[in-house]
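Q: So the chains spell out like this:
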Amino acid sequence: MLKMTHLSKVYRTEVVETYALRDFNIDVKEGEFVAVTGPSGSGKTTFLTIAGLLETFTGGEYHLDGIEVSNLNDNARSKIRNEKIGFIFQAFNLIPDLNVFDNVEVPLRYRGMKAPERKQRIMDALERVGLASRYKHYPAELSGGQQQRVAIARALAGSPRLLLADEPTGNLDTQMARGVLELLEEIHRDGATIVMVTHDPELAARAQRNVHIIDGQVVDLSVDPRFHAAHHAASEAHG
Amino acid sequence: MNLPIRPILVALRRHKAGTVLIALQIALTLAIVCNALFIIHARLANLSEASGVDEPNVFVIKNQWAAERPTAQVDAQVQADLLALRQLPAVRDAAPASGYPLQGGGWDNLVTLTPDQTHPITDSAVYTSDEHFIDTLGARLVAGRNFRPDEVMVMGTQQSITPPTVIVTRALADKLFPGGHALGKSFYAMGTTPSTIVGIVDPLHRQGVSQWNKAYAGQALIWPLRADDARGIFYIVRAKPGQLAAAMREAPKALYAQSRMRIIDPKDGVQDYAAIRHKVYDSDRGMAILMGIICAVLLAITAAGIVGLTSFWVGQRRKQIGVRRALGARQRDILAYFLTENFLISAAGVLLGVVLAVAFNLWTVTRFELDRMSLAYVGVGVLVLLLLGQGATFAPALRASRVSPVEATRSV
Ligand SMILES: Nc1ncnc2c1ncn2[C@@H]1O[C@H](COP(=O)(O)OP(=O)(O)OP(=O)(O)O)[C@@H](O)[C@H]1O
Ligand SMILES: [Mg+2]
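As given, the protein sequences belong to chains A and B, one line each in that order.
Under the working numbering, the letters of the first sequence match residues 18 to 256, in that order.
Under the working numbering, the letters of the second sequence match residues 1257 to 1668, in that order.
Worth flagging that the hints you see were computed from the coordinates, not collected in a lab.
Bear in mind that the values here come from a model prediction, so they are computed numbers and not experimental data.
Glycine included, each C-beta is placed from N, C-alpha and C at the ideal position.
It cannot be assumed that every hint is accurate.
Said to hold, decoys possible - Quick list of in silico lysine to any residue cross-link-like pairs, SDA-like style, CA-CA up to 20 angstroms:
#, chain 1, residue 1, chain 2, residue 2
1, B, LYS1272, A, ASP114
2, A, LYS46, A, VAL33
3, A, LYS153, B, ARG1270
4, B, LYS1575, A, GLY161
5, A, LYS96, B, VAL1662
6, B, LYS1575, A, SER150
7, A, LYS153, B, ARG1658
8, A, LYS136, B, LEU1591
9, B, LYS1431, B, GLN1343
10, A, LYS96, B, LEU1344
11, A, LYS96, B, ARG1588
12, A, LYS153, B, ILE1261
13, A, LYS101, B, GLN1587
14, A, LYS101, B, ALA1323
15, B, LYS1318, B, ASP1331
16, A, LYS136, B, ILE1264
17, A, LYS153, B, ASP1331
18, B, LYS1575, A, GLN107
19, B, LYS1272, A, LYS131
20, A, LYS96, B, GLN1576
21, A, LYS131, B, ALA1592
22, B, LYS1575, A, THR73
23, A, LYS96, B, ARG1658
24, B, LYS1575, A, LYS131
25, A, LYS96, B, LEU1591
26, B, LYS1575, A, ASP114
27, A, LYS131, B, ILE1261
28, A, LYS131, B, LYS1431
29, B, LYS1272, A, PRO113
30, B, LYS1575, A, ALA108
31, A, LYS153, B, HIS1271
32, A, LYS96, B, ALA1592
33, B, LYS1575, A, GLU31
34, A, LYS153, B, LYS1431
35, B, LYS1575, A, PRO113
36, A, LYS96, B, SER1660
37, A, LYS136, B, ILE1261
As the list claims (entries may be wrong) - Simulated restraints on C-beta separations:
#, chain 1, residue 1, chain 2, residue 2, range
38, A, LYS46, B, ARG1666, 47 to 55 angstroms
39, A, GLU134, B, ARG1666, 27 to 35 angstroms
40, A, SER87, B, GLY1647, 33 to 41 angstroms
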């Protein structure tokens, strides 16, 4: 589903070059639920933005669903984002000017879907996250957990095969976090591939596989001595 | 492209202040620009009004007398002057006159069909001259005949003479005698004796071009009179084709050779019709330019307002643009979003503007007796403002479309 080989990402400013990712290798199979952990600044978000075609990379190769994506133009990348990928962000990123219904509708409109089908999918997705009755509410009128569930509904409505989540529970209390995770697990059971960045070892433990990133590289925890320090720091950061 | 009109309107509801302000600005600009365009067009149309004069070859000498003399002496001098002018090799004809078309203002009389009629039928500009007037101006006699030399009368400074014959413009003839049988009919022009129409010219402009004159456009009469006026007399001179400059040079010399008891202002004592026309339409041209400047300034301000507001909104919505891109919006979807948004605001503004424009015009119609504005001006105004809106939105919208999708992951 998602395969990166020797991938690198360099951020260049006038004064410094930062290797956010270097010789980065990962292979996520169709239908996997992968949790990505690692210390702050290690490159987790960078990995996710490249995986989600939000950003280009500097070197190496990235095959998404069998397609080498580095040659795709912006329109093609937009189309893949729209049809194959669902995003869930730490900050929910709902559009404040639109109500729940209209927020969930956004990606469907970009797909050029007809109104009746859009409506069907929106209500189905909202049903699934338990917010169908709130479809007229504005984001500001919802709790954080509810907003994140709307964001999940928005990601779900387009039936993406790949769901990318960057600390989806980072802004939520334990109770709400648990609800969101259960939702993700349910979506996973229905066949979606999920890659989730998290600081929370407890959540990470519930994924099928854990990938750890340190200094822009995937490390094997069982052999890498840096793991213990990093893991410790991450747990501490999260209390 | 799937234009998300309903969500755009919904989102705009949450940005009421900016939306309403810009829509109002567009409405007011439209109202003013339509009316200004209408005025500009009317004023510019004035500039090319036909005078009935062979303008490329005709010039006017303003001849002032240096001393007062009895009428008989003045008239003898006038006749001698005219003879001298007509003998110049570059001159085709010359005529005395109390005034001339496009002079700016001058003699006019109220006109009645009976001597005791209390309500005048209309107003007519009055020209007095001799049998050379029509040929000198290059005017077209379309019916009847010219004056005979023996019909030309002489009027002293204190006298008021109404000649029994008159030549009128077609406009005046039609106004007095609708149906086209004016020849041979008589009318009164503020006197107790009638004048009989012996000829009809068409067209011949009045002296004035003001709004007031417009109501009586083209209505003028010519009396066969050499009037002695203490202030002086106009000599209208028609040069032979292509010899205007030579004629204008020679004419004052010829007059001074006749007698030095006169003043011809070296600056504007001799004016060709280009100068006359330029001067008389000064205010029309000035008004057109002023209105043009007002339009340009208003449009610029409105455009700046739209650019400003759109830029502000683009800045404010960077994050949501990133999110939209992350969710699959192409660059052109983002561009279309902002252009559509502007179009919706502009459409509302323009709708209100049309109402305001027409209302304002109707008010000027009743208040200042201006003309009704053709809806074509409103159409042009609407088009201009819609295009302006799209144009002004384009640059900020393009910037918006270049917001990277990665913007969605950046924390605020
Ligand atoms: N736009 C950017 N320009 C320059 N450097 C960047 C940019 N984005 C990220 N970086 C750098 O790349 C490295 C990886 O950042 P990234 O955001 O991927 O870390 P992260 O693992 O997601 O951290 P966190 O757990 O704090 O979210 C960091 O050193 C960061 O400073
Ligand atoms: Mg991060």
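Q: Does each hint hold? Answer for all of them.
A: Against the structure, the hints come out as follows:
{"no.": "1", "hint": "B:LYS1272 x A:ASP114", "result": "12 angstroms, holds"}
{"no.": "2", "hint": "A:LYS46 x A:VAL33", "result": "35 angstroms, violated"}
{"no.": "3", "hint": "A:LYS153 x B:ARG1270", "result": "15 angstroms, holds"}
{"no.": "4", "hint": "B:LYS1575 x A:GLY161", "result": "18 angstroms, holds"}
{"no.": "5", "hint": "A:LYS96 x B:VAL1662", "result": "16 angstroms, holds"}
{"no.": "6", "hint": "B:LYS1575 x A:SER150", "result": "27 angstroms, violated"}
{"no.": "7", "hint": "A:LYS153 x B:ARG1658", "result": "31 angstroms, violated"}
{"no.": "8", "hint": "A:LYS136 x B:LEU1591", "result": "25 angstroms, violated"}
{"no.": "9", "hint": "B:LYS1431 x B:GLN1343", "result": "39 angstroms, violated"}
{"no.": "10", "hint": "A:LYS96 x B:LEU1344", "result": "88 angstroms, violated"}
{"no.": "11", "hint": "A:LYS96 x B:ARG1588", "result": "13 angstroms, holds"}
{"no.": "12", "hint": "A:LYS153 x B:ILE1261", "result": "18 angstroms, holds"}
{"no.": "13", "hint": "A:LYS101 x B:GLN1587", "result": "18 angstroms, holds"}
{"no.": "14", "hint": "A:LYS101 x B:ALA1323", "result": "103 angstroms, violated"}
{"no.": "15", "hint": "B:LYS1318 x B:ASP1331", "result": "16 angstroms, holds"}
{"no.": "16", "hint": "A:LYS136 x B:ILE1264", "result": "18 angstroms, holds"}
{"no.": "17", "hint": "A:LYS153 x B:ASP1331", "result": "96 angstroms, violated"}
{"no.": "18", "hint": "B:LYS1575 x A:GLN107", "result": "13 angstroms, holds"}
{"no.": "19", "hint": "B:LYS1272 x A:LYS131", "result": "29 angstroms, violated"}
{"no.": "20", "hint": "A:LYS96 x B:GLN1576", "result": "18 angstroms, holds"}
{"no.": "21", "hint": "A:LYS131 x B:ALA1592", "result": "19 angstroms, holds"}
{"no.": "22", "hint": "B:LYS1575 x A:THR73", "result": "19 angstroms, holds"}
{"no.": "23", "hint": "A:LYS96 x B:ARG1658", "result": "16 angstroms, holds"}
{"no.": "24", "hint": "B:LYS1575 x A:LYS131", "result": "27 angstroms, violated"}
{"no.": "25", "hint": "A:LYS96 x B:LEU1591", "result": "17 angstroms, holds"}
{"no.": "26", "hint": "B:LYS1575 x A:ASP114", "result": "12 angstroms, holds"}
{"no.": "27", "hint": "A:LYS131 x B:ILE1261", "result": "14 angstroms, holds"}
{"no.": "28", "hint": "A:LYS131 x B:LYS1431", "result": "68 angstroms, violated"}
{"no.": "29", "hint": "B:LYS1272 x A:PRO113", "result": "15 angstroms, holds"}
{"no.": "30", "hint": "B:LYS1575 x A:ALA108", "result": "11 angstroms, holds"}
{"no.": "31", "hint": "A:LYS153 x B:HIS1271", "result": "18 angstroms, holds"}
{"no.": "32", "hint": "A:LYS96 x B:ALA1592", "result": "17 angstroms, holds"}
{"no.": "33", "hint": "B:LYS1575 x A:GLU31", "result": "25 angstroms, violated"}
{"no.": "34", "hint": "A:LYS153 x B:LYS1431", "result": "71 angstroms, violated"}
{"no.": "35", "hint": "B:LYS1575 x A:PRO113", "result": "11 angstroms, holds"}
{"no.": "36", "hint": "A:LYS96 x B:SER1660", "result": "15 angstroms, holds"}
{"no.": "37", "hint": "A:LYS136 x B:ILE1261", "result": "16 angstroms, holds"}
{"no.": "38", "hint": "A:LYS46 x B:ARG1666: 47 to 55 angstroms", "result": "30 angstroms, violated"}
{"no.": "39", "hint": "A:GLU134 x B:ARG1666: 27 to 35 angstroms", "result": "33 angstroms, holds"}
{"no.": "40", "hint": "A:SER87 x B:GLY1647: 33 to 41 angstroms", "result": "37 angstroms, holds"}
Hints 2, 6, 7, 8, 9, 10, 14, 17, 19, 24, 28, 33, 34, 38 from the earlier list are contradicted by this structure; the remaining hints agree with it.
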